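S.K.: Based on these hints, arrange chain B on the given structure of chain A.
Line by line, the protein sequences are chains A and B. Number 43 in the UniProt record's numbering belongs to position 43 of the first sequence; there are no gaps in the numbering. Number 251 in the UniProt record's numbering belongs to position 251 of the second sequence; there are no gaps in the numbering.
To be clear, the hints were calculated from the coordinates, so they are not data collected in a lab. Keep in mind that this is a model prediction, so the values were computed, not measured. Glycine is no exception: its CB is placed at the ideal position from the N, C-alpha and C atoms. A few of these clues could be false.
As the list claims (entries may be wrong) - Label-pair ranges, simulated between beta-carbon atoms:
no., chain 1, residue 1, chain 2, residue 2, range
1, B, Gln452, A, Phe489, 21 to 29 angstroms
2, A, Lys405, B, Gln265, 57 to 65 angstroms
3, A, Glu317, B, Gly266, 57 to 65 angstroms
4, A, Asp482, B, Gly266, 50 to 58 angstroms
5, B, Lys385, A, Ile270, 57 to 65 angstroms
6, B, Pro335, A, Pro432, 47 to 55 angstroms
Said to hold, decoys possible - Far from chain B, by Cβ distances over 10 angstroms, these chain A residues were calculated:
no., residue
7, Met1
8, Asp3
9, Leu28
10, Glu55
11, Thr58
12, Gly131
13, Val161
14, Thr173
15, Thr190
16, Phe191
17, Lys194
18, Asn379
19, Pro459
20, Glu491
Chain by chain, the residues run as shown.
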Amino acid sequence: MYDVIVIGAGVSGCAVARELSRFKLKTLVLEKESDVCEGTSKANSGIVHAGYDAEPGTLKAKLNVLGNRKMAALSKELDFSYKQNGSIVLCFDEKDRDRLEELKARGEANGVEGLRIIERAELLEKEPNIGDDAVAALYAPTGGIVCPFGITIALAENAFVNGVEFKFGETVTGIQKQEGGYLIQTKQQTFETKVVVNAAGVYADQIHNMVSASKMEITPRKGEYLLYDKNVGNMASHTLFQLPTALGKGVLVSPTVHGNLLTGPTATDIPDKNEKETSREGLGQVTQKAALSLKGIPGRQVITSFAGLRAHITKFERNGAVSGAESKEMSDDFVIEEVPDAAGFIDVAGMESPGLSCAPATGEYVADIIKKILNPEENRDFVSTRKGIINMSLATEKERHEKIKENPAYGKVICRCEMVTEGEILEAIHRPLGATTTDGIKRRTRAGMGRCQSGFCNPRVVEILARELGVDESEIKKSGGDAWYILPFEEER
Amino acid sequence: MKTDLIIIGGGPAGMAAALAAYEKGIKDLLILERDKELGGILNQCIHNGFGLHTFKEELTGPEYAVRYMDMVAEKKIPSLLNTMVVDVQGGSPCVVTAMNREQGMFKIEAKAVVLAMGCRERSRGAMNIPGTRPAGVYSAGTAQRYVNIEGRMPGREVVVLGSGDIGLIMARRMTLQGAKVKMVAEIMPYSGGLKRNIVQCLDDFGIPLKLSHTVTQIHGKERVEGVTISKVDDKLNPIPGTEEFVACDTLLLSCGLIPENELSQGAGAQMDDMTSGPVVNAKLETTVQGIFACGNVLHVHDLVDNVSKEAEKAGEFAADYILNGEEDWGEAVRPKIAEKTKCTLPEDRDAGSQLICIGCPVGCLITVNKNEDRTLAITGNTCKKGEAYARNEMTAPVRGVTSIIRVEGGSGRVVPVKTAGEIPKGRIGQCLDEIGAVTVKAPVKAGDVLIQNVAGTSVSVVATGNMPVAICL
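In isolation and in its complexed conformation, chain A is listed as follows (with noise of 0.2 angstroms):
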């Protein structure tokens, strides 16, 4: 009997997990991917939102100022990459004047610190390619960004050391009440646990909906993305976001954490959970929109695009009303709370953006609701700091040789876009949830993250993995599933 069962290894349900891990509680995440960060929490924009985007009083606003405010210090206490580089809302027509101010105030009233007004001459002397276009923006000094896997494997990596259990490939099929808990069934077997908590991305609305009556549904929202390489990553210093018009809502441009350059995203509402495919006009539509911000981009330093899925709540029938996108009268927020008709049963749905920014303050707002219901101990043990994979190519030549002359596999390149040493590589394969495919080594180590996009790695990646981990190279999956890369041998001439 587990004391709560998370439902999602993304950045909501491994923040949550973490928190937990603060309390002598008997903690599981399932997952039903191979890896943590696999939904939602791997392609998205990185952004650590300013706050000022939601209505004061949603939980949207107050998470994601606290979030903000928590940010730099989890990244140091976890160690991984964030920077706040601050955000510029851009107007580019002086009739929006008005809306510029309006956002300012919201920002204010959500307790956002440091908005200003400001005009085309300071904006080029903040952005120099800023586009013709832009007459005056909000400057959000609090912006930021941050890697989005970075931050969700930091926080399981931390859960699990102070001992949550973590189980991969465990879709959930069904949530059976009984006596002081829930049945959890997955595909392969059944949990018993006191508290669940549904961070299950996309697929909330299914979770929930195997226990509450108040249905809900989650429509994605899917984005595409394109991403530049780190040669044009200093084109821009500021995240750059449009304000909405009548024409939409724009796109941003950012440099990354990484020091690539993003683009994007679209939005498109799409009735598959697990649709990903980018289009030609969605990638078309990100790179016109984004020019506008941006004075010349150069298409051909594109090194890859993507598609991401916000877990966009259309429908919620609650309290006999219906509210979500679809009615105007009722805010569209997250839903965090304990599902009225399910005692222990704790949604965190609907987290789309700014949710990767309110992750720090999502984790210590569900582990309350827990707290109040299980009045668990204080875990005395719990080791609040984590140390990440270093990342040679960002070391100094002496910490490079030190390491080296340690442990001669991190002379040895094996990425040589990112320069990733074996030393990284191996490191991610054996730390504490280690990674067990290429894309978990990319999401850990970023090999196969840069221009070449994997061509040159992939084969030696997939060799590391398959001997690190004892098993053949037809084995070793990009993501798990029937991602094969090789045939086994007795397929072959």
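M.R.: Chain B only, in chain A's frame:
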């Protein structure tokens, strides 16, 4: 550490530059190579077609590499393998920062540096092909490495995008190893490869070449399940309504090469947008003092023979610079780039009487008619090879075969091989089955006979590369 000349990259360009500098009197020099052996990409290009200019004979990639490796060894030119250069700075002296397992991070001062890092392939992302992101999308070179170096197969049913020589060669290679290559799609209205490669890599195996077609969507959640192929208009834009779904588990991309110039840029070298390589003067010196460039890092070459030739010059110029000091840099000279091959086979060709000769890269269109006395009238060939080819082709077609043989106890898993002569076309399958059934013991030297009388012929299968015994650390 100090030396006169550092060559970054031990592929064909690096080795030729080193040898030329050595001949000019620079005996204190060093090749830095990131892989575990010299030879660069040639080691995985196990097919035939290299060396016609340099050695006046047709060699496989590994054979071409071995010739240079032997010369480098003979002159005792030192090299550091498994060594990654992380930074280059020009001037007097130049400073190269590198790392490897044994020495950690280290700096070497040199009077001059030759950049010979080669190029990389354009990735799927760089081409912006929409769709899902499953496993099974490989650049042709990655697949080539799996098949020819690792001895493993990266797929069963294959679509190749791009009909340059690498795409064509890989279509054949995958077929020979048992895969079904469904088609080669090419966005241009012509192939970028040689005529003879269209004949011997596609036509021989009935693989269709779809000109003016491209991949417009990749399907499959975990592994590739298929691709959408569309016809393109004369502006290369996909034409709506022409989409065709092709089921496959593998997409190979052979869509161009990009000079690998991160180090050059780090050194502050001015770049040429047209070649994607550094700007150089008549002496192949970049805009950074003491740093020279040659081979595919300077611009993408079609022929390795041309790489060697250019690299020799770079080696000589670097030697000259070391011995005689800096002259006036002069003006920028863009390297002569051979016009891209634009190859189509004549559409109205009568397959019964007209042939494309595969004897050399020219690809003559040869017409064969039967005289009244039943002898053959062969016209259109421009050399004797063509006549012999046409005669054979009409009576008993023959082909040379290149592949790999598994090695036990070697530092690698397989060694490249070729048939020492041509064998009947109909015996290729049997030949490959016999090759696949054999495992040899290391060491293997290029030229070793590994199978005699293959497929019932009098032809033997010989190694084209070296495979030393594994060294256990």
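S.K.: Next step is simple, just say for each hint if it's right about the structure.
M.R.: Do the hints match the structure? See the list:
A hinted range of 21 to 29 angstroms holds for the C-beta pair B:Gln452 and A:Phe489, which are about 26 angstroms apart. A hinted range of 57 to 65 angstroms for the beta carbons of A:Lys405 and B:Gln265 is inconsistent with their spacing of about 30 angstroms. Evaluation of the 57 to 65 angstroms hint for A:Glu317 and B:Gly266 yields a pass: the beta carbon distance comes to about 59 angstroms. Look at A:Asp482 against B:Gly266: about 41 angstroms separates their beta carbons, and that is not inside 50 to 58 angstroms.
B:Lys385 and A:Ile270 have their C-beta atoms about 59 angstroms apart, which keeps the hinted 57 to 65 angstroms range intact. Between B:Pro335 and A:Pro432 the beta carbon distance is about 52 angstroms. The supplied range of 47 to 55 angstroms therefore holds. Listed as outside the interface, A:Met1 is consistent with that label: its C-beta sits roughly 34 angstroms from the nearest C-beta of chain B, beyond the 10 angstroms cut-off. The beta carbon of A:Asp3 is kept farther than 10 angstroms from every beta carbon of chain B, the shortest such distance being approximately 34 angstroms.
Its beta-carbon lying about 26 angstroms from the closest one in chain B, A:Leu28 satisfies the requirement of being farther than 10 angstroms from that chain. Consistency note on A:Glu55: stated as away from chain B, and its beta-carbon is indeed over 10 angstroms from all of that chain's, at 35 angstroms minimum. The beta carbon of A:Thr58 sits about 34 angstroms from the closest Cβ of chain B, which is more than 10 angstroms, so the claim that it is off the interface holds. Distance to chain B confirms A:Gly131 as a non-interface residue, since its nearest Cβ pair spans about 22 angstroms, more than 10 angstroms.
Look at A:Val161: its CB is around 30 angstroms from the nearest CB on chain B, clear of 10 angstroms, so calling it non-interface holds up. Interface exclusion of A:Thr173 from chain B stands, the closest Cβ pair being 19 angstroms apart, more than 10 angstroms. Distance to chain B confirms A:Thr190 as a non-interface residue, since its nearest Cβ pair spans about 27 angstroms, more than 10 angstroms. Even its closest Cβ contact with chain B, about 26 angstroms, leaves A:Phe191 beyond 10 angstroms, as expected for a residue assigned away from the interface.
Residue placement check: A:Lys194 keeps its beta carbon more than 10 angstroms from all beta carbons of chain B (closest about 35 angstroms). Annotated as non-interface, A:Asn379 keeps its C-beta farther than 10 angstroms from every C-beta of chain B; the closest such distance is 38 angstroms. Not every Cβ of chain B is farther than 10 angstroms from the Cβ of A:Pro459; the closest lies at roughly 5 angstroms, contradicting the non-interface assignment. Look at A:Glu491: its CB is around 7 angstroms from the nearest CB on chain B, not clear of 10 angstroms, so calling it non-interface is violated.
In this structure, the earlier hints numbered 2, 4, 19, 20 are contradicted, and the remaining ones agree with it.
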